[in-house]
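Colleague: As a plain string of letters, each chain reads:
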Amino acid sequence: MAVLSWKHHTLIQSLLERGPLTEKEFHSIFTAITGENTGTHATKFNDYLLKINRELSYVQLDLRACRDPYDGRVYYGLVNNVSDDQSKLGTKYSVPQIAFFKAIVEAIAQDVTHDGCICNIDVLNIKLENQDGSLGIPAAFRNFTMSQKEKTLDQLVKDKWLCYTEDDNIGVGVRSILDLRGWFNNNGVPSCEVCNEAGLKAKLCPKEGCTVRIHEYCLKKIFSQKGVIVCPSCDTQWQYQPTKAEPIEHKEEETDPMPSQPSSRPAQSRSSLRSKRKRLSQNDDANTVGCSSPADTKRVTRSSAHPR
Amino acid sequence: MENSGEAKEKLSSIFGYELRELQRSRPSSTNQSRLSQQSGIDAKSYVIVSQLPAEVYKKYVEDVNTSHRTGFTFVVISIVQLAGGKIAEDNLWHHLKRMGLHETDENHPILGNVKQSLEMLVQQRYLQKDKVSGPEGTTLFYVFAERALEGTVSEKIKQHMTQIVKKDDTTVDIS
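Protein chains in written order, with the UniProt record's numbering: chain A, 1 to 308; chain B, 1 to 175.
No lab work stands behind these hints: they were computed from the structure.
Facing chain A, from chain B, some residues (calculated, C-beta under 7 angstroms):
no. : residue
1   : I14
2   : F15
3   : S50
4   : L52
Derived lysine-lysine pairs resembling DSS-like cross-links, with alpha carbons at most 27 angstroms apart:
no. : chain 1 : residue 1 : chain 2 : residue 2
5   : B       : K10       : A       : K88
6   : A       : K24       : B       : K58
7   : A       : K44       : B       : K58
8   : A       : K7        : B       : K58
9   : B       : K58       : A       : K51
On a predicted model such as this, the values are computed, not experimentally measured, just so you know.
Built from N, CA and C at the ideal position, the CB exists for glycine as well.
Using the sequences plus the hints, can you model the full thing?
Modeller: The structure is reproduced here in structure tokens:
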């Protein structure tokens, strides 16, 4: 008896062919093929995902959700959990292209302002290094011309490994957020205290020496929930000015709870799975509150923004 | 590939993909055929095909950003089909030129490098190159390879071609 039906297969194949999809797109596929609304039938949607992930674990793949660090939108994607030699074959990018991508991501990760992006021009001027740090630069890297860099950049953005940010800079794309979580961890990018994802485009705690980071959109949620932002580690109150213009995306978002993450997660995650799931569901409750009451946040701003 | 049975089964049950084994039907030149017969080199290629119904695939799965390549593939295969499954390189480009696709064009707005797009079809085993010696020297021919000869593909092409030919009665061939 087949465990997965053509409906499950459609969801899987859509992610494989089209790359990461927004929550809205993914939900609409689900609704179209099952006739069930993800809002009213959230459990059915979750069941589908759990079932899919149970089967995918055989080949060590995972159907995961993540947030775009720049606008907070939720995306779904298929991720490979294992980094072995066979995985390295599964790419259409050439060696210099991959080195170029790696250099860009490293530059963004090391960016002192923690804005999570780097300037277009800097990207094109990035010098490629050998992966093992050896001195000689291989011919393929040397001949990687400016126009090849531009084409590669374009392709990387199309495939969602990178993205263009509002101010025309280069940022980390949704696929990188989905796939490279382990890499960000290992390369010293601290996670956001609220959602535990890589802390790109995050604000730092104003207290010197405190290493807490929180994403812009996570701040927004906490602020709309509690009206004040207090550092979870050092108890300093954060100054927070909500942006006046509400992005249109928030109005489009359905008030769906985030599906529960599957339990077949590799053991390398730093914090316990339970707390992660709790935080995620909290965020979504806050999301629904935040959308409907911009007036409240404005009211609280003046009184709570006391610098110490 | 002894383990292909389990791989096939898993690809189908987990993903809804069919792993199809294609046999290299015709060797590209006489030298190669002797070689493969002697050492038993496996001249097989594998493709993965979605098992979803066509309407479902088209609606939810297909990546519209790559449909230009599928279109190009269809056009080229149709040309080769009309030529009887085998066409000289010059002749092929002659027909492509009539559609605005030039061999030397590296910046086509949709395909980019046109010649490379054609090379991709050889790589993907839709076509293969045959060198034929003739009175004027060697001519390069493009011939159908296993992926274009495979049952479902060739069926669909013939179907589409019949439809086009039935509808279109205004073209004039300028030789």
